[in-house]
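A.B. asks: Listed here are the chains, written in short residue letters.
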Amino acid sequence: MAASTNGHDYKVIGTRPIRHDGVDKVTGRAKYGADYSFPGMLFGKVLRSPHAHALIKSIKVDKARALPGVKAVVTSADLPELADKMEAAGEQAINLAHLSANILARGKALYDGHAIAAVAATSSHIAEEALRLIEVEYELLPPVMSVEDAMKPGAPVLLPTLRNKEDGPDKETNVAAHMQFKRGDVAEGFKAADFVVEREFKTAMVHQGYIEPHNAVGIYSADGHATIYCSTQGTFVVRSLCSAVLGIAEGKIKVVPAEIGGGFGGKTTVYLEPLSVLLSKITGHPVKLVMTRGEVLRATGPTSGSTIRCKMGATKDGKLVAAQCWLAYEAGAYPGSPVGAGAMTIVTPYNIPNILIDAYDVVVNRPKTAAYRAPGATNAAMASETVVDELAEKCGIDPLEFRLKNASAEGTPQTVGPPFKRIGFVETVEAIKNSPHYKSKLTGPNRGRGVASGFWFNVGLQSSATVNIHTDGTVSVVTGSVDIGGTRAAQAMIAAEVLGADINDVRPIVADTDSIGHTDVTGGSRTAFATGWAVYDAAQDALRQLKERVAKTWEKKPEEVAFANGLFSPVSGNGVKPMTLKQLAPRLARTGGPIVGRATVNARGVGPAFATTLVDVEVDPDTGKVKILRVTVAQDVGKAIHPAYVEGQMQGGTAQGIGWALNEEYFYDEKGVLRNTGLLDYRMPTCLDLPEMETIMVEVPTPGHPLGIRGVGEVPIVPPPAAVANAIYRATGVRMLELPMSPPRLMKAMLKKRAAGDSQAAAAD
Amino acid sequence: MATVVIPALLRKFTDGKDRVTANGRNFGQLVDDLERQFPGLREQLIEDGDVKPSIAVSIDGDMGTGGVLEPVRESSEVFILPAIGGG
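The listed protein sequences derive, respectively, from chains A and B.
Oh and the first sequence: position 494 is 494 in this note's numbering, straight run, nothing missing.
Just add 1000 to the spot in the second sequence (first one is 1) and you have this note's numbering.
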């Protein structure tokens, strides 16, 4: 379902063609990273720490090296030691010393699964056997697993060199950063409130759960060039990071994107890629490494668990007057949690005059976190959207009406200050209010309905595109954006729209780093927005050249050539026969040669995203199991290029949000060892757990973008946990303040409520 | 003169003021003028001659892409905020 305010009459945009890469994917011919093989290829394996926190006293590799079939064994001593400071690497700000030490531990093992050494051998079995022959002497240290423990005075320190600005250069700490956002006077604001709600929330560390494990094949050539085939969201970021970690010039590294089996932000950094090149350089052979599921869960970047205190106040007529929030996020073993984004999103959907938000980035003995779909925002919304729901109840106002009373709109200052341009938050709330779902009646015992909203910034960044006109009138569109969610089809559709071409005559290609201009990661909901913009401009560039060729053919000036509905025609007069691209293309050689349209963008004017999610649940009163009965999500999508893939993003984000809400959780034992290292125990939702998810696309175009595109991939994950929590409250009367709201946790809360009710009843008797 | 909105934790450099004014045709020149008025502020914002990678600059509602070369107008409103990544 779509409600459009765009008003354009597009021919291709807004249709639902079959994706160009679809046939290869459903027939198994599409090539993923682990499918690559080369003559003489070796197989790599990584030795990982069994301890959460330990000094590495020594690593002895002689026995492993002596094993027949083993060609190389490397440790951090084989990597250059890098400066301990923040640097720009690609589009990321990253501490390269920390990145390097995460790839191979240097001096300390900081989490269960931390890479200690890597082996290349003639078979994966020999490589595994060699890992068992590596002798590592550890001195165990106490694990620090939670932000509360890490922030305690006298807590064991993970990184001896870590300092923060407030505590100064002399004090060791686990708090990597403190951020604060302030507007107005919260104390005065709370004085003006008739109702104040203050709650503390906890959310568990969760993984993105992409199905395809990380992989890499590295080939180091005798001429000093390296080629990497891998599963990544950004080939150029892999090139930048490998260059920095290995000390090889960027221009000497080529990264070839394999098809990708999911990433959700988790494949925007490197783990195996530098190791594949390092091992290849030593052995002279291509080296392939593929993680197991256990390695993915133990040693790649999940998103932060968090503790969030959220206090909000409203007047009795339902106006929010103050918000004060305190957020502490687990960064994992090295600084860099998304707590800043959590702080900047937590109350941004609402126009609140007085806010004070403090945010802390805290290192703990868990894997270094990586981006996960709207990083930091889902944790934050769980807190604020639950408190908003409770305030609406206290005010006696419908939760959607409460949101509408306080909704951010054009001109509202964001938490970070700049006022919003045209946004569609109000439209998402109204779309849910008018939806068949909201108008339907929910009946039956133990059932409840909840709603929540979410905000995400989206990003712009850099993209490049070329549009090649072939001699038969077909078109190839070349970009550097790895296709995760159907963006290849969207890019082809944009070019087809501009050129008046049939979508099946346009071939989208994702090129390697040597074959296309710099392009930042597929992440931040930027690909349709920024790469789509580059494709639009490149297609316009090709169209301009095509008009020149038509003009040459007709002996007219280019401005005397019109183009509409796929037909070149004279602006005025006649005497010439209009022609199509297919008629013109064979004549290119005679009119000046090939035509290549090109464009690059460093995209500005990013349109932020909002979503509102409505959920019906049924709670089993005997087990605490929550069944999702019905879900509807309304989202401002700007302009849906391929509506089916936009709906897919909305449904996918919602499904992940529900998994985060109900089941997903890292279980560590008292020694800091991860106990659920497989997908049977790390419980993601399956199709059996979820109903058909209804989607409402609200199209409020992003001002300034030629097609009004707004990023859509991330924001739908933000509201579901709070929406489910609010639904559970209405089903059971229990306010859940901790994720996941798994059966044992919910059952415990329900029993506590029942016991309190029984004791009240007993007291009344 | 452009208006610069100072992040909460940097207001110790501006005598607690959340909004100050500064001259400059680009963000780098603006920071130079801020440093003249409020010594110590430049070190918080600039490293190796450019905007720190952990910082983003919003000028008139748009996230800047030009670092110290980002153009600033006399009437501009400039916000300094943490850089955002996405997934």
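Hints may contain errors.
Unchecked claim - Taking lysine-lysine and the DSBU-like style, the derived pairs with C-alpha atoms no more than 30 Å apart in a straight line are:
1. A:K171 / A:K191
2. B:K1012 / A:K171
3. A:K191 / B:K1017
4. A:K11 / B:K1052
5. A:K171 / B:K1017
6. A:K433 / B:K1052
7. A:K311 / B:K1012
8. B:K1012 / A:K85
9. A:K108 / B:K1052
10. A:K316 / A:K152
11. A:K202 / A:K671
12. A:K405 / A:K202
13. B:K1017 / A:K252
14. A:K152 / B:K1012
15. B:K1012 / A:K191
16. A:K63 / A:K108
17. B:K1052 / A:K85
18. A:K319 / B:K1017
19. A:K182 / A:K319
20. B:K1012 / A:K405
What the hints assert, rightly or not - Which bits of chain A does chain B cover? Going by a derived footprint, with three or more residues having C-beta under 8 Å, they are:
21. 41-53
22. 177-189
23. 346-354
24. 468-480
25. 522-536
26. 608-621
To be clear, the hints were calculated from the coordinates, so they are not data collected in a lab.
Remember, it's a predicted structure, so these values are computed and weren't measured experimentally.
Heads up, the beta-carbon is just placed ideally off N, CA and C, and yes, glycines get one too.
A.B. asks: With the threshold set at 30 Å, check whether the alpha-carbon distance from K152 (chain A) to K1012 (chain B) stays at or below it.
C.D. replies: holds (26 Å)
A.B. asks: CA of K171 (chain A) to CA of K1017 (chain B), is that 30 Å or under?
C.D. replies: holds (29 Å)
A.B. asks: Is K11 (chain A) within 30 Å of K1052 (chain B), Cα to Cα?
C.D. replies: violated (44 Å)
A.B. asks: Count residues of the segment 41-53 of chain A with a Cβ under 8 Å from any Cβ of chain B, then say if the count reaches three.
C.D. replies: violated (count 0)
A.B. asks: For the pair supplied as a hint, K1012 (chain B) and K405 (chain A), is the alpha-carbon distance within the 30 Å limit?
C.D. replies: Not satisfied, since the Cα-Cα distance of roughly 35 Å exceeds 30 Å.
A.B. asks: For the pair supplied as a hint, K1012 (chain B) and K171 (chain A), confirm whether the alpha-carbon distance does not exceed 30 Å.
C.D. replies: holds (21 Å)
A.B. asks: Regarding the pair K1012 (chain B) and K191 (chain A), is the alpha-carbon distance no greater than 30 Å?
C.D. replies: Holds. K1012 (chain B) to K191 (chain A) sits at ~27 Å (cutoff 30 Å).
A.B. asks: With a cut-off of 30 Å on the C-alpha distance, tell me whether K1052 (chain B) and K85 (chain A) pass.
C.D. replies: holds (11 Å)
A.B. asks: Going straight from one Cα to the other, do K311 (chain A) and K1012 (chain B) come out at no more than 30 Å?
C.D. replies: holds (26 Å)
A.B. asks: Given the hint that K319 (chain A) pairs with K1017 (chain B), does the C-alpha gap stay at or below 30 Å?
C.D. replies: Satisfied, since the Cα-Cα distance of roughly 28 Å is no more than 30 Å.
A.B. asks: Tell me if the straight-line CA distance from K63 (chain A) to K108 (chain A) falls inside 30 Å.
C.D. replies: holds (22 Å)
A.B. asks: Between the alpha carbons of K191 (chain A) and K1017 (chain B), is the straight-line distance 30 Å or under?
C.D. replies: holds (24 Å)
Hint compliance for this structure: hints 1, 4, 6, 10, 13, 20, 21, 23, 24, 26 are broken, all remaining hints hold.
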